[in-house]
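*Asks:* In case you want the letters, here they are:
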Amino acid sequence: MIELKNVTKSYEINKNNIVVALNDVSMKIGEGELVVLRGASGSGKSSVLSLIAALSKPTTGEVIVDTKQISKLPDNFASEYRRDNIGFVFQKYNLITTLSVKENILLPLVPLNPDPDDADEKLTRVMEMFKISHKKDAIIKNLSGGEQQRVAIARANVNEPKIIIADEPTANLDEKLSLHFIEMLKELKKLNKTIVIATHDPLFFGLDIVDREIEMHNGAII
Amino acid sequence: MILTPEVLAIFILNTIFAFFGIIAFYLSVKIYLNWDLSSTSKAQYRLEKQSYLAATIIKFIFIIKVPLFLFFVFTLDKISNVLTGAMCGAGVVDATDTGTALFVLKIINLYIFAYWIALHNEDVKHEKQPFLKQKFAFFIIAFFLFMAELVIEGVMFGSIEIDKMVSCCGTLYSSTSTSAISSIFALDTSLLLYMFYGIFLLIVVFYFLKNKYLFAISNALFVPISLITLIVFFGTYIYELPSHHCPFCFLQSDYYFVGYLIYTLLFLGTFYGLVVGFVESKKEDKLKSYKMSLIFNSLYVILLTSFVMIYFIRNGVWL
Chain V
-6 MIELKNVTKS YEINKNNIVV ALNDVSMKIG EGELVVLRGA SGSGKSSVLS LIAALSKPTT
54 GEVIVDTKQI SKLPDNFASE YRRDNIGFVF QKYNLITTLS VKENILLPLV PLNPDPDDAD
114 EKLTRVMEMF KISHKKDAII KNLSGGEQQR VAIARANVNE PKIIIADEPT ANLDEKLSLH
174 FIEMLKELKK LNKTIVIATH DPLFFGLDIV DREIEMHNGA II
Chain W
2 MILTPEVLAI FILNTIFAFF GIIAFYLSVK IYLNWDLSST SKAQYRLEKQ SYLAATIIKF
62 IFIIKVPLFL FFVFTLDKIS NVLTGAMCGA GVVDATDTGT ALFVLKIINL YIFAYWIALH
122 NEDVKHEKQP FLKQKFAFFI IAFFLFMAEL VIEGVMFGSI EIDKMVSCCG TLYSSTSTSA
182 ISSIFALDTS LLLYMFYGIF LLIVVFYFLK NKYLFAISNA LFVPISLITL IVFFGTYIYE
242 LPSHHCPFCF LQSDYYFVGY LIYTLLFLGT FYGLVVGFVE SKKEDKLKSY KMSLIFNSLY
302 VILLTSFVMI YFIRNGVWL
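Going down the list, the sequences are from chains V and W. The working numbering applies: residue -6 is where the first sequence begins, and numbers increase by one. The working numbering applies: residue 2 is where the second sequence begins, and numbers increase by one.
Everything labelled a hint here was simulated from the structure, so no lab data went into it. All values derive from a computational prediction rather than experimental measurement. It cannot be assumed that every hint is accurate.
Unchecked claim - If you only want the chain V side, here are some residues facing chain W, beta carbon under 10 Å, derived:
| # | residue |
| --- | --- |
| 1 | E(-4) |
| 2 | K(-2) |
| 3 | S3 |
| 4 | P51 |
| 5 | T52 |
| 6 | Q62 |
| 7 | L66 |
| 8 | P67 |
C-beta: ideal position from N, C-alpha, C; glycine also.
Generate coordinates for the entire structure from the input sequences, incorporating the hints supplied.
*Replies:* The structure is reproduced here in structure tokens:
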């Protein structure tokens, strides 16, 4: 489903300072797989995620998702691809703290201008799935870290994306909340979502729901 | 040389346009020569990023240049207040050797810029950007006309001498004048009117037949015929003076700036008409262009005809 072919990603700060984030990386991730990208900071995990999400383009090589070469998509089509296929879970949640739970979860649907009944049905479904219905009208800044994480995951799923991308999702959580997050991942796995997590949290290593761990170091797969 | 605030604004904008235009030209040449969408090389990915930059620069230059034509006309009109003998923009255009050439070039560029924008808008609707090379190749050619316009514009404003007496529009647009413009008055007015309404009728017929090439050609023909008919016939009814034919005076406040409306309607109507024939697009987009062209051209014809009809109803005679 997801394939990276000989991908190189470098960031040119100036002519004498080029940072190579990924160096000739190739990998395949199957549909419904839960893959953990592990490695120290700067190993290239987040670069892989941003390429899969079409947030950036490789310097060389190909990124293919469902036979579509997403690394060649023009910007407006890359936005459509993200909207239709990707659910993001960020380290710092990236919620709008002055809006309510409901408003935050519905944000990804705004560009689609959905029928209100349809949007309401989707909202109810994800809120129940991630057990946040009781906080529907609460303002984000009044929620605990764990609750904010639930809202972030609900928001990532409201579009029913095929791929969930999580970048250090437990970095801001204590162990108890991290275990809650792993429980939520199990729910997503049941829905046959393809999940790619970049983390250096040892909690994820050796987990039964994880299909594969890919170790990265200095922009390469070990 | 004349340096009013309006001329200074045009000079400053032209300098900015030239600077960014040269960058876009350099990138366009690179893209045109090296583009290979199937490649996943570093050079191609770099070109893809540069194509966004170049397209953005060109788009914004042209989006500003199109309405700036009206500002240019407005500036000519304003300058006429300080030129001895000039009553409107016509006197300013005639004040230098380059004025008429600049005006014609500006009209040509107006359609070229608008065409590029239409081509670009169509191109970015497709994942594979099928018109990408075409639009940059077109810009490479357009760039020279664009730069020529900037240079001639500088030369024109630079060579206007305030203390020199110029001709007024009454002299320039008269059948007794010896200027090149005066030759149009030798044309038979009835024949011109048959051509004007005849071509408009063809536009309507080809709209219903949905023949894109004939529709576009009719629109292309409609531009010069409309301008000539406007000068020779309709202008006199706008001014309600049988001897006044100036295509600039009705841009002034005395005529409620109606000239801006007249020229904008003609430009929009014929531009959409040309888009139908020269830009490949989806059926619904093409139908939209057909419709827009017909609406604007119809409004143009109705507006001009109304001046004649209102005059006749009021006075019971033709001019």
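*Asks:* All the hints need checking, so say for each whether the structure fits it.
*Replies:* Hints, verified against the model:
no.	hint	verdict
1	E(-4)	violated, 13 Å
2	K(-2)	holds, 8 Å
3	S3	holds, 9 Å
4	P51	holds, 7 Å
5	T52	holds, 5 Å
6	Q62	holds, 8 Å
7	L66	holds, 7 Å
8	P67	holds, 6 Å
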